[in-house]
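Participant: What follows is the residue order along each chain.
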Amino acid sequence: MFVLVVGGGKVGTNVTRTLRGLNHEIVLIEQDERRFESLEDEFQDEALYGDGTELHVLEQAGIKRPPDIVVAVTGDDEDNMVICQLAKERYGVPKVVARVNDPRNHELFDLLSISPTVSATSMVMALIEHEVPEHELVHLLELRKENLEIVEVEVVRGSKADGKLIEELSLPEETRLISVMRDGQAEIAVGATELRAGDQVLAVLKPGREDELRQVLLKPS
Amino acid sequence: MRASDWDVVVIDETEEALGRLGENWPGEFQVGHGMDTEVLERAGIDGADAVIVATSGDNTNIVIAQVAKLRYEVPSVAVRILDPARAEFYAGRGFAIVSPTRTAIDELTSAVLHDQPRA
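Chains A and B supply the protein sequences, listed in that same order. Under numbering that gives the first Met the number 0, the first residue of the first sequence carries the number 0, and numbering increases by one thereafter. Under numbering that gives the first Met the number 0, the first residue of the second sequence carries the number 0, and numbering increases by one thereafter.
If you're looking for bench data, these hints aren't it; they were derived computationally from the structure. Every value quoted in this text rests on a predicted model; they were computed, and no experiment measured them. Please note that a few of the clues may not be correct.
Claimed, not checked - With a cut-off of at most 30 Å between alpha-carbon atoms, the simulated DSS-like pairs for lysine-lysine come out as follows:
#1 A:Lys205 x A:Lys163
#2 B:Lys68 x A:Lys94
#3 A:Lys94 x A:Lys63
#4 A:Lys144 x A:Lys94
#5 A:Lys218 x A:Lys205
#6 B:Lys68 x A:Lys144
#7 A:Lys159 x A:Lys218
#8 B:Lys68 x A:Lys205
#9 A:Lys87 x A:Lys205
#10 B:Lys68 x A:Lys87
#11 A:Lys205 x A:Lys159
#12 A:Lys63 x A:Lys144
Let the hints inform the model, and build the full structure from the sequences given.
Facilitator: Below you can see the structure in the form of structure tokens.
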């Protein structure tokens, strides 16, 4: 695979190192001169000095071939957005991956149809939600393109769902239960599945339906 | 714009920029980053007739112009892009692009060409 990485900070450098180890062809662009010098020591010809949002720098890196994937991981979200737009729209690069530095900019990447994106902050938050029991509803997976998410909920004693069959529940719209795990055994959720307190339930839903789902599975009535 | 009787809201990251507008700036002024949609909304982008994007960063301007056009559907958007190559790439997307570098190149070239003695 031919991979073009823009941004030689910690993320870009380690991605480059890993891909090189797997024998992929790679070019890493870095615009800070001092940082570039140490990258050149390690990567020689595979490191390129310049501003990766400039067309002639991208072209020098071989974007016209084009690469199989462009990885935009600079510390500036606006730069990452422009790099991805140039790569996809001007040079026909089939796949881009962008780093989101400020999670508030996530919606701007979406607006410009740039995906997938990777955000360290969002990932840490998801891990915290998974580890900290106070967050009773855990976001396991966000399917941004599909505008769906998969969450995990533990059925609370005395909630509307406790002791009921799934078909008897009035679940929120745009929500389906996927599976029920009890005593370490998981089963696909069907209408006749009975829910009990302590069950770990996986659900797929449209973002924004979480609170309604909490009402059914978590709130003691 | 203000002199032409428009209601103008200026956004800048620093309060000091207000000083450049003169002592009796009659318009509004918001401190914040133009890529922050909360700041844009506080400044009233939702009902704006026009947005002019002229920060010192090309890529920042490119993103803000697209946000103004695509998300807030502002009827008239004008943006400064110094780099002629990027200015050309982003042409035809519903916002006006002004490239001071391009303008300078054209003007300087034409000044020199017009100065040549005719054969």
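Participant: When the hints from earlier in the document are held up against this structure, which numbers fail?
Facilitator: none
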